[in-house]
Amino acid sequence: MRKKIVVSDFDGTITKKDTLSKFLEDYADPRWLDIENDWRDGKFGSQECLTRQFALVPNLNPQMIDEFLDTVEIDKGFIPFANKAKENNVPVVILSDGLDYFINKILDKHNLDYINVITNHAYFNEYGKFIIEFPNDSSKCTNDAGTCKCKVVNNLKKLYETLYYVGDGASDFCVSKHPDVLFAKSGLAQYCKNNAINFIEYKTYDQLIDEVF
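Counting along the sequence shown from 1, when you hit position 23 you're at 20 in the numbering used here, and nothing is skipped either side.
Read the hints as simulated data drawn from the structure, not as lab findings. Errors might be hidden in some of the hints.
[Said to hold, decoys possible] Listed below are the simulated EDC-like cross-link pairs for lysine to aspartate or glutamate, each with C-alpha atoms no more than 20 Å apart in a straight line:
id, residue 1, residue 2
1, Lys182, Asp207
2, Lys148, Glu158
3, Lys102, Asp23
4, Lys106, Glu158
5, Lys19, Glu45
6, Lys13, Asp67
7, Lys73, Asp105
8, Lys14, Asp203
9, Lys106, Glu70
Let the hints inform the model, and build the full structure from the sequences given.
Laid out in structure tokens, this is it:
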């Protein structure tokens, strides 16, 4: 059994803002927000949410996404954190209910493409249609998430003595009870306070270097 692994959410955790929400805000029909609110209210899961939201983006194409991704900023503390993890042979896994099409391009831009990503799969097919697939879902997931974070984290815990989880928002609520050590900010921190879940509050990734290493 290996000693440590760091599992991190992506949108709003590694990126400064929620990448998908900002993209939809900029490019989608305003009805995307109604779908978002219904998802937050638990009316359906993220699989249905993402599929319906991206159907509201007119003329969606690769150039549109690439131009948007050029504007995305990441938490600058994440780069030294990832470098420190690499030096210490501690794996970092990005676990996101977002889209690999967005995440991988952002990681490539910052020379972080060596980091393992577990998330929903998106691509443009031969006819130019944007397809979203959910290879990491679970029939046991009570939230009907595209990527069942609880399943992934519990499987990883069998392989490592200590699993650190880093998150910020609603897609992290369910999994927050499972890590050995939880780092939380924003909405996730408030959720943990409201539900008596132990966590360490943080603002930027560089604060976590001393906590993990």
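### Task
Please write out, lowest number first, the hints stated earlier that are contradicted by the structure.
Violated: hint 4 alone.
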